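S.K.: So you can see what is in the structure, the chains are spelled out below.
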Amino acid sequence: MGDLVTISSNLLYASFFFYLIATFFFGGTIREKKTGNRGKASTIGISLTIAGFVTQLGYFFTRWVASQHAPVSNLFEFTTFFGMMLVMAFIIIYFIYRLDVIGLFALPVALLIIAYASMFPREISPLVPSLKSHWLYIHVTTAAVGEAILAISFVAGLIFLIRQIDQTKKSKHTFWLEFVIYSIFSTLGFIIMTTAFGAMDYQAQFQAPVEGQVVNVEYQMPAIVGPNAGELQTDGVMQPLLDAPEWMRGQDAARKLNTLIWSFLSGLVLYGIARLILRKRVAAALQPKLKKFNPDLIDEVSYRAVSIGFPVFTLGALIFAMIWAQEAWNRFWGWDPKEVWALITWLFYAFFLHLRLSRGWHGTKSAWLAVGGFAIIMFNLIAVNLVIAGLHSYA
Amino acid sequence: MKKIKCECGHVNPEGTVLCEACGKPIEGNQHIDGNIKDSLLNMRYEGSARRSQTYNRSMVDKVWNFFSSVKVGVWLIIITLVASSLGTIFPQEMYIPPGADPVTFYEDQYGLAGKIYYQLGFHNLYSSLWFMMLIALIGVSLVICSIDRVVPLHRALKKQKPKRHHTFLKRQRVFGETKANVDMDAFKSNLQKHRYKVREQDGHILAEKGRFSRWGPYVNHIGLILFLLGALLRFLPSMYIDDFVWIREGETEVVPSTGGQYYVKNEDFILENYDPEKDKRFQEALMNQDVPVASNYQTNAVIYERTNNDVVGAEPELQELSREKIVVNEPAKFGGFALYQSSFQLDEFSSMSFTLHETGDESAVLGEFTVDLTQPKMEYKLDSGAKVVIDEYFPEYYMDGNQPRSKSKFPKNPAFVFYVYPPDGGEPEVSFAGIGMNIDPTNENDYKLSLKGFDTRDVTGLAVKKDYTLPFMAVGGLIFMIGVIQGMYWNHRRIWLQPTEDGVWIAGHTNKNWYGLKRDIEKSIQNTRIEMPEDQQQLKG
Ligand code: HEM
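From first to last, the protein sequence lines stand for chains A and B. Each residue of the first sequence is one higher than the one before, counting from 1 in full-length UniProt numbering. Each residue of the second sequence is one higher than the one before, counting from 1 in full-length UniProt numbering.
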């Protein structure tokens, strides 16, 4: 089986590079004068994307064979799958609207998500009894497909905002748009920091009291924030500058806070560098490149993605989830945080649709809602898993 | 009710904005959909007469108008959304550790914020009255707003004629004029090729497709309402049973909430863990974890039905129904009930055996006895004539200060206060014995009780469920999905063509996805000399 696992992870690497190169080709399409008529760069871009997608399917199914269960059962596997579905959603939207610019933004998002996934433990994990159900796979995969399609709406919304928002003066819009871009930089920062300290094999051991017992807490990044009342055990590493506040009690709470701070700081550095080079807001620098795209069409893509994704999300994240919960825990709904956040996501997109249809929220307002929806999805994927752990918590 | 007669001859109900038949804006009603300020017509609900926009006099009107407003509906949704998120800040009461007292738990764990959380009732948010009220209000709003719109919308779509008033066309978002002699037949056949239904009246053309998608929202709302009704039905005890039973290995228990009709025997409870040696695929993950990972929880059970249920007070006569392996995700089902593997206790003590001997000489044995912990006898007579009497029994012993007490009635850590009567019938001695302890309170005892052995067994916890509301919810969910797909994956597109003196006017409308509509028009005007109409509402960039 070992061989298959190696083949599988090599296929994942390969797909990553396909997407990366495809991004550059979509970048090349920006310079072409006309939209609509597909140039060479566009054809190569979409072909590479499809090649990457097929390769990643290869990763998925070889890993399935190796682990003998669908590889969506830990955070690494699920997040990777989500990235793959994002690419699939892009391919579908591409063939409806033939907009290269969507690829230019969607593929980097997918790349970030797959890289982010790889920061989590990658070994094949055993399934506890409640996870042994076909309904679980059906639920998780469909929910991921739904979320991925909804993510395309975010991508289009972001493009719309970069293209449309008045950059000549400072406003709430420019601030929040920069904030979204900064968040993307922070994700990148997290990946760079984790990889860098991982390569250095950085280790710092603490002993700290957790629930009345002294336990070992292991850091893989220098501790800016140490565990509350923790004692550093390792020699020759950085002393924490601060202790985590007392109310952060879980064994891993301080370590996660520390990782978060590293991500935000490195994001700030990356963003700062970008601002220094560009000498204006990042969105302002991107804006001229997007002027040739029809904002109406981008707006429609964003909405179309919601209208395709909403039913899939409902089916996967709510209906199939209920069927599974009924089988596994004999109650189809338990108000555990992950479930509640799926409901919140769903309510949010229902809210979006009603505003759009009945109250005429188009254009900028609609684009902001698409960004907000994606923020909720990411919150559910990351924060709820890592912070508010519920029954579903993989990690 | 006042009726409004349009110049085309059609009689419209009071409150109509656009004539149902020809679409001519009805004078005096244009403020209703805000058509006065706008150069384009508001096509929502076809400008039909909605009750909520027409009457506002009585109390009923006011309530109706309140609930039929999408603004109100949207507010209800957003309030529910925010409220739901509040419930995830700290765990809900059902997820706090078993046995923890919520009164103190929240404050102990989360400080002042936790205390406030508890006092505001957020620890039980989702079953609180106000949260259920919110859901109920959404339900009411759904019903009223759907009825308010679906009836007039249906009327207007049925009554529409191909021949439209010229202002109707002119004030559509997609509109164009062509001054040429156009090929109408080619146009019609192009439209039909793209699956449009084409109707004609005096040379005016209406091409329509996907009208059924307009009913999508109403269908999905019906599904939601059914689902909510199903949730409401759970409050009827005959519809929904949620109970629980603990069964020790080897024992048979009546299944609660079945009126004594069903019994279940626990033959064996099995807990299996993953073995990193055997299961190579998970080796790495298992090695990284300090605790074993369970692979299976299983109860081998026998289900019985009582055959003499009608005889009150008689010993139950049981007939075997089935033998089941109940594992997580695979409940046992019988007679509308289901038994789910949901909890367990390993190694509960079932019996303890003691030896009585002289203090300081283990070979001078006065006798042995075994206490059955489920039904301890009070008195044990030994061969030597000695007698042991149980004075107190603590199934789950712990020291509360200097007072022995029992945490529960389950024999998890049994301990006893024994009176030992010597063979010659003298005064009894007091002896305190449990697992790993034997205390002589006076330190003057002549006899000592030693634990010789014990038996353990597992206990399984099975949830008992009967849920007749599930079909409701399933049907509700299904209808919701049908409706939402119907409304989302299809659009209602219409193209109108009107002959003019020197050519034609063409106009188009869709409820969503204008790009698709424009592409349809582009394809159907090929080889007809009709010019591509303009989108009069492009976002200017
Ligand atoms: C959680 C609850 C709700 C869900 C999931 C839901 C879902 C939907 C969906 C999916 C649509 C179709 C939207 C589209 O095609 O773009 C829709 C339309 C609609 N909903 Fe709801 N809805 C909910 C609650 C409500 C409430 C409370 C109201 C009452 C005011 C309402 C009023 C409407 C109306 C009037 C339409 C049709 C809009 C139009 O044709 O202009 N909905 N709903």
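Don't read these hints as lab results, they were simulated from the structure. Keep in mind that the hints are not guaranteed to be accurate.
To be verified - Just some of the chain B residues that point at chain A, by a computed CB distance under 7 Å:
| hint | residue |
| --- | --- |
| 1 | Val11 |
| 2 | Asn296 |
| 3 | Tyr297 |
Keep in mind that this is a model prediction, so the values were computed, not measured. C-beta: ideal position from N, C-alpha, C; glycine also.
S.K.: Taking the hints in turn, state whether each one holds.
M.R.: Now the hints, each set against the structure:
For Val11/B, the shortest C-beta to C-beta distance to chain A is roughly 28 Å, which exceeds 7 Å, and the interface hint is violated. Interface restraint check for Asn296/B: the shortest CB-CB distance to chain A comes to about 6 Å, inside 7 Å, so the restraint holds. Of the supplied interface hints, the one on Tyr297/B holds, with its beta-carbon coming within about 5 Å of a beta-carbon of chain A, less than 7 Å.
The structure does not agree with numbered hint 1 stated previously, though it agrees with all others.
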